[in-house]
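Undergrad: First to last, the sequence lines map onto chains X and R. So the number in our numbering is just where the residue sits in the first sequence, counting from 1, plus 331. So the number in our numbering is just where the residue sits in the second sequence, counting from 1, plus 4.
Keep in mind that a hint or two might mislead.
As the list claims (entries may be wrong) - Some chain R residues near chain X, calculated using beta-carbon distances under 10 angstroms:
id: 1; residue: LYS233
id: 2; residue: ALA234
id: 3; residue: SER237
id: 4; residue: LYS319
id: 5; residue: GLU667
id: 6; residue: GLY679
Hints in this document: simulated from the structure, not taken from any laboratory. Note that the coordinates shown come from a computational prediction; the quantities given were computed from them, not determined experimentally. Note that CB positions come from ideal geometry on N, CA and C, so glycine has one too.
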Amino acid sequence: MSFLRIEHLCKTYGKGENEVKALDDVSFTVPKGQMTAVIGASGSGKSTMLHILGGVDRPTSGKVFLDDQDVFAQDNKNLAIFRRRQVGLIYQFYNLIPVLDAEENITLPYVMDGRKPDPAKVEEMLGLLDLTARRHHLPSQLSGGQQQRVSIGRALFTSPGVILADEPTGNLDSRNSAEIIQLLRKSNRELAQTMIIITHDENIALQCDRILTLSDGRIIGDELTGHGGEANV
Amino acid sequence: MFERLLASRYIRTQKRHSILTICSIAIAMALMTILFTALSTYRGIERGIAYDAAPYHAKIYDLTPEEWEALSSCGDFSELHRFTEPDGSIAAELMFGKYHENQGEFLNSLLPGKEIYDGLSYNDEIIDYNADLVRLDLVDLNGRARAVQTIALFYVYVIFLVLALRMIIDTAFEVSSKERERQFGVLQSVGATPRQIVRIISLEGLTLSAVGIPAGLLLGLLLSFAAFKAILSSGIAEVFFSPDKAAKLLHLHISPLLLILAAVTGLVWVLLSAYGTGMRVVRMSPIEAITGKNARVRRVRRHTLFGLLFGWKGKLASRNNRRQPKRFIITVVSLTLSVTLFSSFSVVLDEVQTTYDDAIRSNGLDYDMELIVHGSPEDPHALQNGLTLLRDSGYFEIHEAVDSVFLSSADESITGHCLILYEAPECYDRAFEGGAPMSYDELTQSGGYILMQPAYDNGTYADSLGGSGSVALTYRYGRVVSDEEYDAMTDAQRENVLEKTGTDDETGEVSTVRYVKESKDIELSIVAEAEERRYAEEWGNADWYTEEGTSSDLVYLVSTLDAYNDTEYANFPSDVSTYLSGDHYISVNLRDFDAHHKALSFIDAHSDIVSVDMDLYDMQLQVRTVIAAVRIGCTFLSVLIALIAIVNLVNILSTGILNRKSELAAMQCLGMTRGQLCGMTVIECLQYALTACIVSLLLSEAILMLTSMMLRYMELSEQMSFVQYAAPVPKILISSAAAFLAALAASFLPLWQMQKESLTEQIRSVE
């Protein structure tokens with residue numbers, strides 16, 4: 332059963348001669364708990380698609396349904412609340428808040444929601460991320476791998492409907508990359524998190540359940556890797 | 005020279021920062037130019053007045069030809085003119101061209117035996133010494149000492165402002181360099197030495213100064229000209245000078261020397277700011293600059309006051325403001341200086357106003373005109389009718405109109421005399437300072453009187469009434485005796501007759517009126533009591549009313565002018581000469597101060613009823629004009645100060661928001677709503693304004709305390725009573741609220757600009 336449903340998604344930048352179609356009639360579905368990799372050349376529309384799925388950007392046309400909820404039928408305030416509760420975003424450059432320490436960054440979306448984080452859950456998350464000793468360090472005092480782990484922790488902490496990762500290992504060395512993917516895979520399996528990961532790395536894509544290939548804003552490939560799940564283009 | 009190439013490329017490519025820095029330099033320079041022009045104009049006008057009074061330093065009379073020769077052969081004069089006086093004697097007008105510690109002693113040495121100066125003063129029979137001009141031309145020790153004092157006082161203020169101006173330039177460089185730390189890090193990593201980095205920033209400063217300093221000087225001169233025109237248009241010139249003198253003496257004085265001083269000071273600050281910024285950048289290791297990571301491990305303050313007050317938004321706001329402590333401190337110091345100086349000016353302005361008001365009130369001259377309403381025995385209601393005429397004219401507001409009657413006590417309840425005051429409606433509440441025991445209408449309807457208790461009385465009079473609520477008094481008057489009645493009187497009866505001879509002002513005709521003293525007992529009901537303190541101050545010397553004074557037997561009763569119409573003595577027949585038959589003096593204010601001429605014409609047209617006794621219009625105009633000029637001056641300086649703070653605030657807050665563009669977008673991607681973003685921004689602004697407010701309050705109170713201590717030390721604390729600790733508080737609160745609003749505008753404008761871009765575009769601005 333589809334958890335994430337994308338229908339005829341289009342995104343156009345510019346007008347007239349300068350018009351660029353970043354996404355051109357993209358439709359697919361993702362069942363709950365599936366870990367999907369999106370690959371494609373630079374400028375193929377991967378990041379644009381990810382931002383639209385996360386409710387960060389609005390499509391020119393088309394719809395996105397998460398758990399049968401029309402994402403863009405909401406006003407800006409509800410869209411922000413949707414992002415806070417239903418989406419976990421992981422960026423290549425982490426986008427951590429420099430004035431907050433590791434623990435505060437992880438719990439930020441939860442705190443923004445007016446909720447008080449459960450200390451036991453915080454401990455568990457820090458343990459999972461191997462950041463217990465670094466919990467009170469600012470991002471500038473952490474290595475790239477540690478920062479990305481904080482970013483993952485922040486995405487996972489609210490137990491969102493979907494995790495969207497934009498080249499999460501693009502800024503890391505191979506050892507840190509392997510650790511991060513292992514972590515994402517673990518949370519996908521243990522917490523049944525639906526994940527969409529944009530990557531250039533074929534090895535990472537192969538560790539996912541499914542691989543979508545984008546070119547010039549269109550899906551040109553959709554295959555299962557054998558780890559499980561179903562293709563639904 | 006790659007430094008010059010890079011400096012010019014940075015200036016061209018970073019247009020926003022270049023324009024911001026040029027504007028900052030220009031504004032700082034403009035403000036400094038205004039200050040220096042104000043100083044040179046003040047001194048120029050002061051010298052012009054002294055020169056106009058006597059166009060020489062000294063004029064020496066009764067010179068012998070030998071003495072003239074001695075003067076003319078001396079090379080220490082810049083000007084020397086010989087005159088032959090009407091009596092044939094020689095006189096000389098001279099201007100000192102060289103400095104002498106004491107010009108009097110110098111003249112004595114030049115003209116021995118003339119005894120021009122006795123060591124203390126000049127002999128004004130043989131010399132007219134223009135001490136003011138000598139002082140202003142700085143040609144003697146006294147002049148130079150006074151000049152040093154004036155400049156020192158001026159510079160106390162200037163140093164405050166100049167430090168604030170320095171912050172504008174400093175902030176601009178700080179903001180610009182902060183955003184380019186990475187570029188400087190890269191340069192260092194490819195081999196640029198710290199000296200070269202500092203040189204790049206300094207060259208940038210020099211290049212930007214080449215535009216900013218001349219632009220600032222020009223802007224400052226234009227603003228000075230505009231401000232000078234505004235002050236003149238307040239009418240200050242007409243108050244102190246005739247039109248000819250005003251045209252001759254009142255000019256904007258521009259001192260090229262001070263302009264050069266301003267330019268050099270500006271340039272030095274730019275270079276100091278550039279150097280300081282450069283040194284800060286080169287102190288970072290290249291890797292720190294490139295990665296933006298600081299090798300120093302900072303302790304994170306987990307709990308902040310704003311965090312406790314406003315939750316996570318407060319915590320984020322606190323940390324955002326502290327992430328660059330120097331910026332925060334510069335902004336708070338700049339705001340504090342501005343708020344403190346602004347509130348000081350406001351307090352001074354209020355104090356000037358209060359001093360004038362007190363001086364006028366203590367002389368009983370707090371009205372525009374005193375008029376005489378002509379009365380006569382035939383018209384006991386003359387005052388009422390006169391007031392109605394003046395009210396209906398629309399030109400006047402009744403300031404004080406009181407009719408009074410003296411009565412004697414008929415029994416022992418009250419000893420001595422009683423003065424009854426009948427107040428007009430306009431003056432009633434004012435007379436009681438708003439604390440009247442009953443309303444005017446209630447008192448009119450009761451037909452009774454308010455017993456004014458002397459401040460020292462402790463209720464003695466009230467007790468003596470025995471709760472009866474009434475007092476028996478005797479009204480003594482003179483009844484006019486006709487010639488026929490006088491002829492019929494016996495000699496014994498005639499002993500009680502008084503004759504009063506008067507001369508008619510217009511005809512010069514002398515007439516005699518005969519009176520016989522009569523009296524009438526009157527029972528007055530007392531309906532309320534009040535303290536007479538206000539009356540004691542209003543009607544005479546308060547000391548006179550003390551227990552030791554002579555008036556312990558004088559009692560005041562107060563009623564309304566409307567009730568007066570029903571009194572016995574107001575309705576005496578026309579053959580009774582009473583105190584009420586004379587003219588009534590009333591004071592009025594003009595409803596429209598500019599309609600003075602129309603008001604006078606109205607009085608002329610009704611001269612049979614009312615005439616002018618005293619016209620204080622010119623004096624009030626002078627006072628108003630002086631206060632207006634002080635107000636314009638203070639407002640002008642306050643605006644300058646506010647401008648400095650606002651420029652700093654806009655620089656720091658707007659660039660702070662723009663620098664955090666990607667970070668703010670990231671927070672919105674994580675689910676922060678616009679409302680939460682705005683809330684966090686408001687708290688950040690609040691933190692700036694609140695900190696400045698608290699520091700300003702502490703600073704102002706500390707200054708007041710020091711002033712108070714100084715006055716006590718100089719034994720001036722009694723004369724200078726204006727050290728009021730509460731005075732600056734409302735001003736500081738108001739200016740802090742204004743600073744808060746300015747901070748909001750400085751933050752929300754870039755936020756609003758950013759919201760035009762999608763979150764994706766904003767978040768990619770760093771990637």
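Undergrad: For each hint, tell me whether it holds in the structure or not.
TA: So, going through the hints one by one against the coordinates:
{"no.": "1", "hint": "LYS233", "in the structure": "violated (50 angstroms)"}
{"no.": "2", "hint": "ALA234", "in the structure": "violated (46 angstroms)"}
{"no.": "3", "hint": "SER237", "in the structure": "violated (52 angstroms)"}
{"no.": "4", "hint": "LYS319", "in the structure": "holds (8 angstroms)"}
{"no.": "5", "hint": "GLU667", "in the structure": "holds (6 angstroms)"}
{"no.": "6", "hint": "GLY679", "in the structure": "holds (7 angstroms)"}
Hint compliance for this structure: hints 1, 2 and 3 are not met, and every other hint is.
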